[in-house]
Amino acid sequence: MASRKTQILAIDAGGTMTDTFIIDDHGEFVVGKAQTTPGDESIGLLHSAADALTFWDMTVEEAFPQLLTGVYSGTAMLNRLVSRKGRKVGLIVNKGMEDFHRMGRAIQSYLGYSYSDRLHLNTHRYDPPLVPKEWTRGVTERIDLFGNVVIPLYEHEVEPAVTELIEEGVEAIVISLLHSYKNPVHERRVRDIAKATIQKKGKDIPVFASVDYYPVRKETHRTNTTIIEAYAADPSRHTLELVDKRIKEKGANFDVRVMASHGGTISIKANELARTLVSGPIGGVVGGRYLGEQLGIKNIVCSDIGGTSFDIALITQGDFTIDTSPDMARLVLSLPLVAMDSVGAGTGSFVRVDPYTKSIVLGPDSAGYRVGVCYPEGGIDTITVSDCHVVLGLINPDNFLGGQVKLDRERAYQGVKEQLADPLGLSVEAAAFGVIQLLESQLRNYLESLVMGKGYSPTQFACFSYGGGGPLHTAGYVKGLGFEDVLVPAWAAGFSAFGCGAADFEYRYDKTLDINVASEATADEKEDALATLQDAWTELTEKVQQEFEKNGFNSSEVQFRLYFRMQYQGQLNDLEIEAPLAKVNSVEDWDKLTYAFEETYSRVYAKAARSPELGYSITGAIVRGSVDVPKPKIPEEPYVGEIPPKEAFQGKRRVYWDGEWVEADIWEMEALQAGNWIRGLAIIESPATTFVVPPGFETVLDTHRIFHLREVNR
Amino acid sequence: MAIRQGDLSNKQEELLTQQYRRAIGWNGKTLKEMRAEIDQITQETGHYAGLKELVLKEQDPIRFEKMFAKLRGGLVHARETAKRVAASPIVEQEGELCFTLYTPEGDSVVTSTGIIIHVGTMGAAIKYMVNHDYEVNPGIEPGDIFCNNDCQIGNVHPCDVHTIVPIFWAGEVVGWVGGVTHVIDTGATGPGSMTVGPVTRYDDGYQVACRKIGRNDTLLQDWVIESQRSVRTTKYWLLDERTRIAGCHMIRDLVLSLIAEEGVDAYKQFIREVIEEGRRGLINRIKAVTIPGKYRQVGFVDVPYRHSDVEVPPYAKVDTIMHAPSEITIHRNGQMELNFDGSSRWGWHSYNATTVSFTSGIWVMMTQTLIPNDRINDGAYFATKFQLPYGAWMNPDDIRTAHSYAWHFLVSAWSPLWRGLSRAYFSRGYLEEVNAGNANTSNWMQGGGYNQYNDIHAINSFEAAAEGTGAGAVKDGLDHAAAIWNPEGDMGDMEIWELAEPLVYLGRSIKPNTGGYGKYRGGCGYETLRMVWGSRDWTMFFMGNGYITSDCGLMGGYPAASGYRFEAHGTDLKERFEKQLPFPRGGDPNPAEHKYEQCLEAKVVKRDKQTITTEAIFEDYDLYLNYLRGGPGFGDPLERRPEDIEKDLNGGYVLPEYAEKVYGAVFTVDNRGKYHVDPEKTEQARQAIRKERLQRGRPTREWMAEERGRIERKEASLPVRHMYATSFEITEKFLTEFRAFWNLPETWNLSEDELEMPTFGSGHKKSHAR
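For the protein sequence lines, the chains are A and B, in the order given.
All residue numbers for the first sequence refer to our numbering, where the first residue is 1 and numbers rise by one.
All residue numbers for the second sequence refer to our numbering, where the first residue is 1001 and numbers rise by one.
Quick caveat, the hints were computed from the structure, so don't treat them as lab data.
No incorrect hints appear here.
In silico EDC-like links for lysine to aspartate or glutamate, alpha-carbon gap of 16 Å or less:
1. A:K454 / B:E1080
2. A:K358 / B:E1053
3. A:K592 / A:E576
4. A:K652 / A:E663
5. A:K133 / A:E167
6. A:K203 / A:E159
7. B:K1606 / B:E1593
8. A:K269 / A:E549
9. A:K201 / A:E167
10. A:K633 / A:D24
11. A:K358 / B:D1060
12. A:K200 / A:E159
13. A:K631 / A:D24
14. A:K133 / B:E1646
15. B:K1674 / A:E168
16. A:K511 / A:D212
17. B:K1674 / B:D1644
18. B:K1574 / B:E1601
19. B:K1606 / B:D1309
20. A:K417 / A:D381
21. A:K298 / A:D319
22. B:K1647 / A:E134
23. A:K583 / A:E527
24. A:K195 / A:E159
25. B:K1579 / A:E157
26. B:K1287 / A:D354
27. B:K1714 / B:E1754
28. A:K511 / A:D323
29. B:K1579 / A:E155
30. A:K358 / B:E1058
31. A:K245 / A:D255
32. A:K583 / A:E539
33. B:K1475 / A:D127
34. A:K454 / B:D1253
35. B:K1681 / B:E1643
36. A:K479 / B:E1261
37. B:K1674 / A:E134
38. A:K182 / A:D212
39. B:K1032 / B:E1135
40. A:K511 / A:D574
Just so we're clear, the structure is a prediction, and the values are computed from it rather than from any experiment.
Next comes chain A alone, as it looks inside the complex:
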């Protein structure tokens, strides 16, 4: 079957396994797996691609020359960071502030903790700093928040500091001085002296000034991010080059791109490589945006349930929100990251009864790949949500992951009985069903508060549900919310990789600004403010252009989008808003910007919270530029009809549902055809996912292999 036209290669190189997704021109895809090969990840990648292609009887040499594009995302950089196996980095900061990085922000001692552990003081702990005390030096200078020089740079201190770091054997030097985002002159001077000193010593040590990478306020965030650039990201560049080279050797004729935190993909030659630290769930959000574009849906709630977490994100007016000071790997950072809410509730979440209050506690920890008590080889004693699925008959214990993993229903039953049903005085089935109901109602609350918290109503949104565990619970967590439509793609389990393949080739650069305009400001003051904003946009536009030039794109091929961040004067939180204008200079333009801000503000908070009497501050400028790249096609099949083909029907199975055992129709997902209409109670199975259609629901498969789920009796 070498006649297949391969289009897109998406690679997800995890810590132990490398997954490869190859998508053809019909939107069909194959998945390959191979062990990750640390050091030279291209080897594992080629094995993995070869494994995938065996499903299509193709070789890498046949498939790669046809590929239009390829996107890489990997956890190698994150692993290097988390296991503290990065470069030996030297740090130069303000003299007197040498401790600030190793002190960390106290928030880093409980980042990523569950609510109860955040309260539980004795559980807090710090991770070791990326740069220890011995490799930190200070130089005297101070610039204030307005950018004024308070203390001149004591230039004579720089060379000795750099020399000492060289003697300590550092492999890279990071410089981060206070308020350098506002006035970079001292930091750049230190950088230049450092480079000259290194050269004088005949060494080859890269130097990273924070202002050249992340010129944004909050020194801990900025410094952490710049250190990651030197510590983990830059050393990973070589790996990426090797991946690019090996793929080209096999006939590919495109530059490999890497998934980045802002939701676009960037070149392996990009200046700020630390933003490729992110992996996993944002792919799904990017895929959701792309699918929405293709289907003409602008407002989407993306929901993804895996084994360990429930991840949700909003796409409004075709765009996702960006968090500008997120945290990853227990560090506060200044990367733009696709905003996502993550809750420790997945199919593998542990289920316990609190011994003190006798209440049911779900998660936040989970059995992960060890599934639950039902999987004897997993060695788990505590019951999980999956055990409840097995007890209820929702999961076929003999067909889990296409039958690769055999589950033991009896073990699950005993576990649920002893740990849950007996302590609560419920029947085993009622207890298991209760857990599913509780989980789904919690997920529903999260979804609802995410949408309402941004000032919207679910009726304005379509909900996309994907991830291995998503379709099991879709009906439960959307019930009663009144979404405009609920979509479950048949390729739900591979949706994140699909999303990586669908990402734009896009750079995004941010700059901190402090433009204050009083409510009674004159026309001149408003115009001055706009001039500053316009200058920042021009600067960032050039920066984006330079990045694209590295891959041979000229500026006419780049589509630019301009954004600004605004708040009422004195506030500490701003909102990011796309500029309604490409150029700004007049008082009318100013009014258009503030109007756009106030519209968003009153939606997000409350009309009563608007405070125009305080005046406005523009706190940041953002430029996004993208070029066209090939993207996966959405499947397109002819409409067949409402009645599913006989061969899709797999018989009936007893399922416990809301107080009684009932017979559920079992369908094979792959065999269903466009237009097929299925009423609940039904279970639609594929090797990687199980889609539950409860009583009172029905689903229709459309011509794009997407299921639409509806409540019947509403």
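Here the structure of chain A is known, so what remains is to put chain B in place on it, guided by the hints.
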């Protein structure tokens, strides 16, 4: 059975007619009647609202959990969203805000994260309105907004401002929602939210006593005008208020949608049961992790007001000490009693506390150790018995008392409770839960004037939210990490504080020797050196413990270091910068060395133990050292592992001299300045120290006999005699016990009359009928 069964089964047609009734309580009752009923039935049965069985929870545990999850998730979310409206870094960065849902009678049902001490204080404000017939005058109607920050009604200190909104369903009050933020200034005698200087309520700033400030979800214009004219930081006040209102309204919508889903009867039953469940939860937890018995401990802290840098009226210009002996009794049935008999009298300073702040604030701590979960409500209050002596600093018998920094005493009195509980955990085998106590959460850097933007401003640094924590029985305390009032501590970024304060940083450093020594040491604090920059008419002051360490180590561990102050005025920094000369940068690791003064000329340098001061004038280029304290240690320092001492030396957590003296460490320094501790020589040195300890030691009876003589002769400093005199006067039982313990004659007493200092307020108390 539960509160009057009839209240839980309303007919729809009755609900409609209720809209036209005057009484807004359930089934035609007034809120005041409901309050009295709940108290009576709880008292009679020992169960909240008489709920011996949790019918809803037992019959449908899943539904109960779903209702809880919806409310709790909604409250947390409302807090996260609303806080983004605020301008104040105290609210936005440090999270000093909290939202709580109440029953119609003012008992808390569910709370968000944040400063949960206010679970009880806002409840007290609601109860006050209920008991003062607010439903008749000024009326309680849908869309009303109320405000309270009056300490004597229900508050910790005036800077915690409450916004309270009733929730109506079909003409009945089904509950209240309260929101609180810690505002940056309250228009007190000095700038800053927890200013030093007030000695009476009338100096404490703007106090709003349960006032109706809005109708139809809109603030009244006279309120906005008055409040804006009453505080220094008007913009912050405005946005803080909008934060609170936004959150309250989000939560009101949430409750109404829950009622629409579940029905009002189920909701009414739920809010009762969840409180009773909270009561049982605490009792079960106590049974599981402690051992019944009595746990006694004591706390002290200094009020050094007889100093030229403390400007207060003459009757307040005295040195006194806060005394807080405490006894935790854990009964076999899991009931807990907290007894503070023997506490000293309230005083003419701003560190007094109200009973509700004391009883409610206990939960801020308990959720960090005893009950770290989301089930915090008034159930825990109903499960605990308090004895707070009338007339003591936490139960003043005079309305004149000031409270602007009640935490000075609260922190110092509560830290010992951690030691008491830790002994209980230790006995039960929960070593991981042991925590030797808390840092005195200071210094509070505060001040005001015209700031760098030329606005009238007040500052209140919350770098104090990241102090060292107490050592455990299995590990060191955490350095620069948390505060007793906020386990989710953070010091914030310097660039953010420089936005809020006209002071540039010249240093931020780990402070050695500040964590208490021990087998496991307390977490170290840190210090930031600030230079005044860009202000006009600027004043600042210090607030913290100085002469007395306010905690105590556990099981042989040392207390944390106490405080000191450093400030410099009229400096030569400008010239030093121009000539690129050295000047004070970074920390002051060993205060005895006066390192700063070695590269600084200044007209005035103040370096002493006077860590409480009132407003002093600061000009550009003046210096201020903000030193944030460490936590207490656990276990004998001679048992500390040599490799840990080596890490402390190389990391700058202990000064070499003290590694030698206290830990008995023997070490060398290599040519790169790295310390190497020799384990064998260290063991030898420790043997010698142990021998020397034995030589120094003497039989307890002998020592007590000598002490007894001094006590009988009343040989003690004036503040110590004053402290005991007030304790004796307030609690007769304490005097009796004291006499018995020291075997003193029946006639022995120590009264305030015999002291050579003014004791305003004490005479009033004596004549006051209890």
